[in-house]
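Asks: As given, the protein sequences belong to chains A and B, one line each in that order.
With the first letter of the first sequence counted as 1, position 193 gets the number 193 in my numbering; the numbers rise by one all the way through.
Every number in my numbering is 200 more than the matching position in the second sequence, counting from 1.
Any given hint might turn out to be false.
[To be verified] Incomplete in silico selection of chain A near chain B, CB under 7 Å:
#1 P55
#2 G76
#3 A108
#4 Q110
#5 P134
#6 I135
#7 L151
#8 V152
#9 V153
#10 A157
#11 L162
#12 G180
Hint data in this document are derived by calculation from the structure and do not stem from the laboratory.
Virtual Cβ for every residue (Gly too), placed ideally from N, Cα, C.
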Amino acid sequence: MPHWTVLGSSLLVATGSAQFMAVELLARGAGWWLVVLLGLLVNLRFAVYALHIGPFAGQLSLPRRLLFYGLVNDEGFALTASRWDGVGPGRRADLGWSFAVMFVVWFAWQVGTAIGVVAGDRLPPDLGLEMAVPITLLTVLVLLAGSRRHLVVAVVAGAVALLFRQAPHGLGLLAGGGMGVMVGLALSGRSESLRAAGQP
Amino acid sequence: VSATAAIAVVLGLGLGTLAFRLVFAELRHRCAFPPWLESALDWVPVVLLAALVAPALIPAADSGSPAPALGAGLVTIVTTYRSRSLLLAVCLGMGTFWALGAFF
């Protein structure tokens, strides 16, 4: 595959899971329409992020909103979503901060792609830096999970994601996330409404 | 892989994913959702974090010693819980990962 398509795919698609899957499928000789279809399925989770982001991004002017939507990514969303808890539609969320985090993650992805294209296999094999992202996310998770219900839901989501570890990254997120939300709904249905309690 | 197929995939995925974001974000911005859907959305950050973290911290059986990742995860959880400090937890977690990596 020519180098410029790799860079273009990072710039335009900017979702690691779908990119990796697309490369794998294309290499196995799948048709482009099948690759697009499966990639969009894996990227369905962005619809859910967008549902979350909509009311807050609504404060922005249209061009800035479009830019913000274009930058949305898994890690950036996970890191900033906790800041939106308890901020109802119409109230100002800390959007500048979210914007910055989204941009940093997006930019790091672009730089990483460029380094991979230019330096290729001349890179040192393993610095262990790949662990920094999950460690940071784990910290946010612990800060966010304030109740036993949160703990149960997090364990369910994590366990289902583990079951799907052989599947493309995005499908594990979709399955684990979906199952976790269902358990969360069942748990919150048994007690008072979550919103009334002011708890995420 | 032909360049045409690669371009088709890049454009299809890029535009399609952008369309998801635009349509659903604007939809939520403009209309009210039923309460069950609102509370389902409240769970999204927690489940997403868990689903992202679990496969990274619990290594597959065939990928070498699980000790560095598991130890780092444990240290991170305990440090975060006790200190509520993101920076401290990340530093100690990464330190544990490197230290255990040197032994296992």
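Asks: Is the interface hint for A/V152 satisfied, with its Cβ closer than 7 Å to some Cβ of chain B?
Replies: For A/V152, the interface hint is violated, since the closest Cβ of chain B sits about 10 Å away, which is over 7 Å.
Asks: Hint check: is the beta carbon of A/P134 less than 7 Å from a beta carbon of chain B?
Replies: For A/P134, the interface hint holds, since the closest Cβ of chain B sits about 4 Å away, which is under 7 Å.
Asks: Can the hint on A/Q110 be confirmed by a CB-to-CB distance to chain B that is less than 7 Å?
Replies: violated, 14 Å
Asks: May I ask you to test the interface hint for A/A108 with respect to chain B, counting a Cβ-Cβ separation under 7 Å as satisfied?
Replies: violated, 16 Å
Asks: Does the interface hint hold: is A/A157 within less than 7 Å of chain B, judged Cβ to Cβ?
Replies: Nearest chain B Cβ about 4 Å off; hint holds.
Asks: Per the CB criterion, is A/G76 less than 7 Å away from chain B?
Replies: A/G76 check fails; min Cβ-Cβ to chain B is 11 Å, beyond 7 Å.
Asks: When the nearest CB of chain B is found for A/I135, is that gap smaller than 7 Å?
Replies: holds, 4 Å
Asks: Please check whether A/V153 passes as an interface residue: C-beta within 7 Å of a C-beta belonging to chain B.
Replies: holds, 6 Å
Asks: Mind checking the CB of A/G180 against every CB in chain B and telling me if the closest is under 7 Å?
Replies: Holds, because the Cβ-Cβ distance from A/G180 to chain B comes to roughly 3 Å (cut-off 7 Å).
Asks: Return the status of the interface hint for A/P55: holds when the least beta-carbon distance to chain B is below 7 Å, violated otherwise.
Replies: holds, 6 Å
Asks: So, as I understand it, the hint says A/L151 touches chain B; can you test that by seeing if any CB pair is closer than 7 Å?
Replies: violated, 9 Å
Asks: Is the hint on A/L162 kept, meaning its closest Cβ partner in chain B is under 7 Å away?
Replies: Result: holds, 5 Å to nearest chain B Cβ.
Going through the hint list in order, the structure does not satisfy hints 2, 3, 4, 7, 8.
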